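Undergrad: Each chain, letter by letter, is given below.
2 protein chains.
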Amino acid sequence: MQYPKSLEALIEAFARYPGVGRKTAERYAMHTLTRLTKQDVDQFSEALVQAISAIKPCPVCHHLTDLEQCEICADTHRDSSRIMIVENSKDVFSIEKSGTYKGKYHVLGGALSPIQGVGPDELNLSTLWQRVAEGEVKEVILATSATQEGETTALYLKRVLSSTDLLVTRIGYGVPVGANLEYADDQTLSKAIENRRVF
Amino acid sequence: MQYPKSLEALIEAFARYPGVGRKTAERYAMHTLTRLTKQDVDQFSEALVQAISAIKPCPVCHHLTDLEQCEICADTHRDSSRIMIVENSKDVFSIEKSGTYKGKYHVLGGALSPIQGVGPDELNLSTLWQRVAEGEVKEVILATSATQEGETTALYLKRVLSSTDLLVTRIGYGVPVGANLEYADDQTLSKAIENRRVF
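Chains as they are written, first to last, in the working numbering: chain E, 17 to 215; chain D, 17 to 215.
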């Protein structure tokens, strides 16, 4: 027996999400029909349409925002001499949550990946060169992921920016705070040892 | 920094799903905004509203359907003398996929759970008694889960049905086909040994 058509459509919609296989999508769809109220579902449906239409990338830094320019770019109290470069908007929210950074950001919208066909043209770089050319920036902080792609992207940016007199830094990688050494993987431990400092 | 309001609403909508914590909901919401097309999102939004309005429980067996009466109840080729009792509509789809059962179903909409306050009145039982009373049914197959709640429900139904001359059976529980014994948990192994048969 096939699922009713509208249930199948819902399962397929859920299956478009990362880490959601067919089984999980079925579970979410059944949950929608058997556990949520009509009101919950209407709200969800509305939230989807609202979010996709209201939220756009900031024209300056590409961070997601529902304003003309994102809160961070618009905030004149923030240090415009520093730009932290991250892969995704999600990273901006994470770093902002930590509350330790008071400069600006630039969201690349991904990382270089020759295998997946992501080259420099697929990233938000032209706006970055433009911001750098304006002369206010003194330091570029590379905060791409500690993955192969993130590393490649950091190296690429470092090479391109080496022709300028900008200070190019990379955030520290190592054992997460609060984590037990025995649970850290080899690469994290190598990074941690490599990044050791005088205590 | 707070998430933009419409993004927050979307995160909260995703977080209503089983096994979806705040982090996962954030990931789904970001995926919606950065990886899906406007068309995908519109389809998803539409699928939600469509499904909740088109799909209802079958008035006979409570299985989810977009028809007046579900395909299984409406199918005159199926054996009306057997009713298999399951907890959820999902179970019907699973059993139908296996293709081994040709009788009818009855979906309880849950299982008895004194702890969660689910008593007989919360399950779809009145329609079951009605179907049984009509006299066509000869066998009731209890296919509730192999959990505490499923077991309680099966015992309850067995007790109530013992006053009738219906054959009451329970589906077999044991080591899943294709599974290695060493990965089976103790309770599954106990069940498997208890359910042994002459070979």
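Please note that a few of the clues may not be correct.
[Stated by the list, open to error] Here's a subset of chain D near chain E, in silico, CB distances under 8 Å, partners left out:
no.: 1; residue: Leu23
no.: 2; residue: Leu49
no.: 3; residue: Leu80
no.: 4; residue: Asp82
no.: 5; residue: Arg175
If you are wondering where the hints come from, they were derived from the structure by calculation, not from laboratory data.
These figures come from a predicted structure and were not determined experimentally.
Quick reminder that beta carbons are idealized off the backbone N, C-alpha and C, glycines included.
Undergrad: Does each hint hold? Answer for all of them.
TA: So, going through the hints one by one against the coordinates:
1. Leu23: Hint on Leu23 of chain D: holds, closest Cβ of chain E at ~6 Å, below 8 Å.
2. Leu49: Hint holds; Leu49 of chain D Cβ to chain E Cβ min 6 Å, cut 8 Å.
3. Leu80: 6 Å, holds
4. Asp82: 4 Å, holds
5. Arg175: With a minimum Cβ separation of about 27 Å from chain E (threshold 8 Å), the hint on Arg175 of chain D is violated.
Comparing the model with each earlier hint shows a violation of hint 5 alone; every other hint is respected.
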